[in-house]
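Enquirer: Sequence:
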Amino acid sequence: MGKYKNLTSYNPAEIEQKWYQFWEENGVFHEEPKPGEKSYSIVLPPPNVTGQLHMGHALDDTLQDVLIRFKRMQGYNTLWLPGKDHAGIATQIKVEEELAKEGLTRDDLGREAFVERVWEWKEKFGDRIGQQIRRLGASCDWSRERFTLDEGCSKAVREVFVSLYEKGLIYRGFRITNWCPRCMTALSDIEVEYEDEAGKLYYVNYPLVDGNGYIQIATTRPETMLGDTGIAVHPEDERYAKYIGKKVIVPLADRKIEVVADSYVEPEFGTGAVKITPAHDPNDFEMGERHQLESIVIMNPNGTLNENAGAFNGMERYAARKAVVEALRKKGLLVKIEDADHAVGHCSRCHTTIEPLATRQWFVKMEPLTKPALQAVEEKRTEFVPPRFTQTYTHWLENIRDWCISRQLWWGHQIPAWYCNECGETIVSREDITTCPHCGGGVTQDPDVLDTWFSSALWPFSTMGWPDQTPELKQWYPTNTLVTGYDIIFFWVARMMFTGLEFMEEAPFKHVFIHGLVRDSQGRKMSKSLGNGIDPLEVINEYGADALRFTLMTGNTPGNDMRFYMERVEANRNFANKIWNAAKFVLMNLEGYEEKHAFSPEELTLADRWILERLAQTEESVTANLEKFELGEAAGSVYEFIWNIFCDWYIEAVKPRLYADDNASDRAVAQSVLVYVLTRALALLHPFMPFVTEHIWQHLPHEGLTLAKASWPTPDPALRFADAAEQMDRLMDAIKAVRNLRAEADIAPSQKVPLLLRVKRDDLTAVVEDHPLYFEKLANTSAVNLLANDAPAPENALTAITDGLEIYVKLADVINVEKENVRIQAEEDKLHQEVARLEKKLGNESFVTKAPAAVVAKEREKLANYNEKLATLMERRAFLATLAKEKA
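Quick note: the sequence shown, position 418, residue 418 per the UniProt record's numbering, numbers continuous.
Simulated from the structure, these hints should not be mistaken for lab results.
One should not assume that every hint holds.
Claimed, not checked - List of simulated lysine to aspartate or glutamate pairs, DMTMM-like, C-alpha gap at most 25 angstroms:
hint: 1; residue 1: 365; residue 2: 316
hint: 2; residue 1: 256; residue 2: 286
hint: 3; residue 1: 200; residue 2: 355
hint: 4; residue 1: 830; residue 2: 868
hint: 5; residue 1: 256; residue 2: 210
hint: 6; residue 1: 365; residue 2: 238
hint: 7; residue 1: 628; residue 2: 506
hint: 8; residue 1: 124; residue 2: 97
hint: 9; residue 1: 94; residue 2: 141
hint: 10; residue 1: 525; residue 2: 845
hint: 11; residue 1: 510; residue 2: 32
hint: 12; residue 1: 336; residue 2: 189
hint: 13; residue 1: 736; residue 2: 726
hint: 14; residue 1: 94; residue 2: 150
hint: 15; residue 1: 777; residue 2: 803
hint: 16; residue 1: 331; residue 2: 307
hint: 17; residue 1: 584; residue 2: 703
hint: 18; residue 1: 38; residue 2: 594
hint: 19; residue 1: 777; residue 2: 662
hint: 20; residue 1: 200; residue 2: 316
hint: 21; residue 1: 322; residue 2: 402
hint: 22; residue 1: 760; residue 2: 746
hint: 23; residue 1: 18; residue 2: 193
hint: 24; residue 1: 760; residue 2: 795
hint: 25; residue 1: 862; residue 2: 845
hint: 26; residue 1: 528; residue 2: 196
hint: 27; residue 1: 830; residue 2: 861
hint: 28; residue 1: 736; residue 2: 716
Can you make the complete structure from the sequences, with help from the hints?
Expert: The structure is reproduced here in structure tokens:
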């Protein structure tokens, strides 16, 4: 076959590692900043160093890779910057679990030795997910990989903290937080997972101080009443109007508290009166601030009750609940207990039930920072895709609370604040200090670390070298697109927005492309508890990364969840195999191919002009859909073109020209069109299925090092043939109709059929007359004869009507009546036997009465189907009798 080496059988495992290594070794994913050139950049949402690739990662990373490969091929100066997050709690827990196996705790090691141990763990296991992302085919610039605790990112974190502190936007205060009694730290909202649990609603009487009765409240956590400092009712609730301003006694605490009016209260919930426990409920904390109520903490960091709980001091929180309920019952203050399901927050790392707990923490003052972040979206400097998520973003920012950024951990960015041991001054500094600048006394650094989300909020600019003004920042900030799930719009997207605007004076991205969750085939969220998770690496091992990627893309619409079906992965592996086999066919037929041959419109056949027009339309469609983030639509367009247009139609139509020995010039044109179309189709498919397309492209005639940096296909105006393509489509409609008629008549594929056509459109007459070969080769017809417009329609013929054509296949010419009657007789005999068997079975009263109703119904359904088939065969016999008379 000449100099073009053919392909072997398709084996994803053999080609994927080879080509990824080739791309990395040749620096295909790395580019230097090129001032003045159009640029496109994405920062990879940093997975945790503890992470394992899951389907959510696979979807997110593939979406990004499709976009970056597309832009790279369009000639943009691209950057896809990868990195990993130190994942404070998750990583610390991992290492503590390892220590526990040795009988040690972090306190046994001390802070410095423990942190060293975590770094050792990170160096050993931290790149696991990076290697897994490579398996997926992600074309990140790994030479620029960053880590949230690396020197550059740490410098940026400290600069941001100190700068915000100096502006009065970071402060230390006593406020409500999510608290994990197991991890012994405050948590961010995203580290809390809510699950509906069966609980209880306890109704309790609070005696009025004046002795004139009670106010009854309902609570799900009766143990927290030991920290109550108020009762709230709705100001418009007439039932309680007379109690506002009066005092009641907190049961078991003997504390006098006031009844206040607050519109937060829902009169329909419980009794319409709620207790206020500012130190143990976020809404109560806000009511406490509004009414200047005391905050009394009754719980220790480990979940036991403290000295403020009086007689219950030292009890574990759930044991205390039982004891409090029993004490209330004995005092006659417990009215009733009802079942009540409610959402309960759990630590996402250790699954312990969290406690809302007022603690002294560091906070970011959010209100001044949110205004620019809201304005940037209102002015469309940053746009959400799809736009409906703008409302989610806006609602959260408009109702935002101050952000708790301190964590009681050892692994992370230690807060750059020192407390003077002598004068008590707090010093926040860009550089480490050893003495107090105010009095010269010794200092102690705050032991807490920053919330992991604080460092990742700086990701779009800290990773490019800020606070230094680097060429990367100048070229690639702001980034173009952030790809992320809808579940972290609040926690990450919004925070990157306000930090980017505050420190870079530009929003960090132009588009926020939101995707949904990958659910199982039943629509359920994948989880360990359900055991329905699917490991992407196992899918890759069995079917290849290309098949997985294409499944994730073709099932994706922006912002919506998708269901994952293994059957679709298998089908997409078949698609890759289809392309592979089509390429093998092309390569087998390149004997004598001239690479410099350029076809002219005049030497193109109707099929050539058709495929070139359909290619141009596909190029337009794929490009337009990628530009507007409709990646599923783009992938579908490529699939339709390659499978249904190129493989199923054009290759079949071109075969006679390739096999003919008498027309070398036409063979050369056919070869050139095949190579041209296949090469460009591979380029369109490359962002979605990079491995198989690269491998095939390397075997075909090509220019350049790699398909990954080949030019993105755009339609050639000189090769547009809309009229010819429409005419070819009409012929294809007719060919499909003939195929359907053959199937209806059960005509053997090998048997040729004569064809009668009546042309109803003037522009199709010459097309039909000049191209009988398409019918002969693609519909296996023996001849194509045209009927005059005034000629009668043939009798006893199968008929179909398409746009501009009437199609007739005379059955008398193709059906062997005698042979068909024998076949029908054999089928009838089998059906009669089945009918007799079922009639006997259903006539048995014992079976009908004793068998399950569904079984009896199934048997009756079978009998009806058999009788229906017999009726159809009788109609066929009558038709054959008519044909026999016609032949006679």
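Enquirer: Evaluate each hint against the coordinates.
Expert: Comparing the hints with the structure gives:
1. 365 with 316: Cα-Cα ~34 angstroms, so violated.
2. 256 with 286: Satisfied, since the Cα-Cα distance of roughly 20 angstroms is no more than 25 angstroms.
3. 200 with 355: holds, 17 angstroms
4. 830 with 868: holds, 14 angstroms
5. 256 with 210: Holds - the C-alpha atoms of residue 210 and residue 256 are around 11 angstroms apart, at most 25 angstroms.
6. 365 with 238: violated, 38 angstroms
7. 628 with 506: holds, 23 angstroms
8. 124 with 97: Distance of about 16 angstroms is within 25 angstroms: holds.
9. 94 with 141: Roughly 28 angstroms between the alpha carbons, so the hint for residue 94 and residue 141 is violated.
10. 525 with 845: It is violated: about 49 angstroms lies between the C-alpha atoms, which goes past 25 angstroms.
11. 510 with 32: holds, 22 angstroms
12. 336 with 189: The hint is violated at about 33 angstroms.
13. 736 with 726: holds, 15 angstroms
14. 94 with 150: This hinted pair holds, its Cα atoms lying about 20 angstroms apart.
15. 777 with 803: Holds: residue 777 and residue 803 sit about 21 angstroms apart, inside 25 angstroms.
16. 331 with 307: holds, 22 angstroms
17. 584 with 703: Between residue 584 and residue 703 the Cα gap is close to 19 angstroms, so the pair holds against 25 angstroms.
18. 38 with 594: Distance ~36 angstroms between residue 38 and residue 594 Cα, so the pair is violated.
19. 777 with 662: holds, 18 angstroms
20. 200 with 316: Between residue 200 and residue 316 the Cα gap is close to 18 angstroms, so the pair holds against 25 angstroms.
21. 322 with 402: Given pair residue 322, residue 402 is violated - Cα atoms ~34 angstroms apart, limit 25 angstroms.
22. 760 with 746: violated, 28 angstroms
23. 18 with 193: violated, 41 angstroms
24. 760 with 795: holds, 20 angstroms
25. 862 with 845: Given that 25 angstroms is the threshold and the Cα spacing comes to 18 angstroms, the pair holds.
26. 528 with 196: Measuring from Cα to Cα gives roughly 17 angstroms; hence the hint holds.
27. 830 with 861: Holds - the C-alpha atoms of residue 861 and residue 830 are around 17 angstroms apart, at most 25 angstroms.
28. 736 with 716: violated, 30 angstroms
The earlier numbered hints that this structure contradicts are 1, 6, 9, 10, 12, 18, 21, 22, 23, 28.
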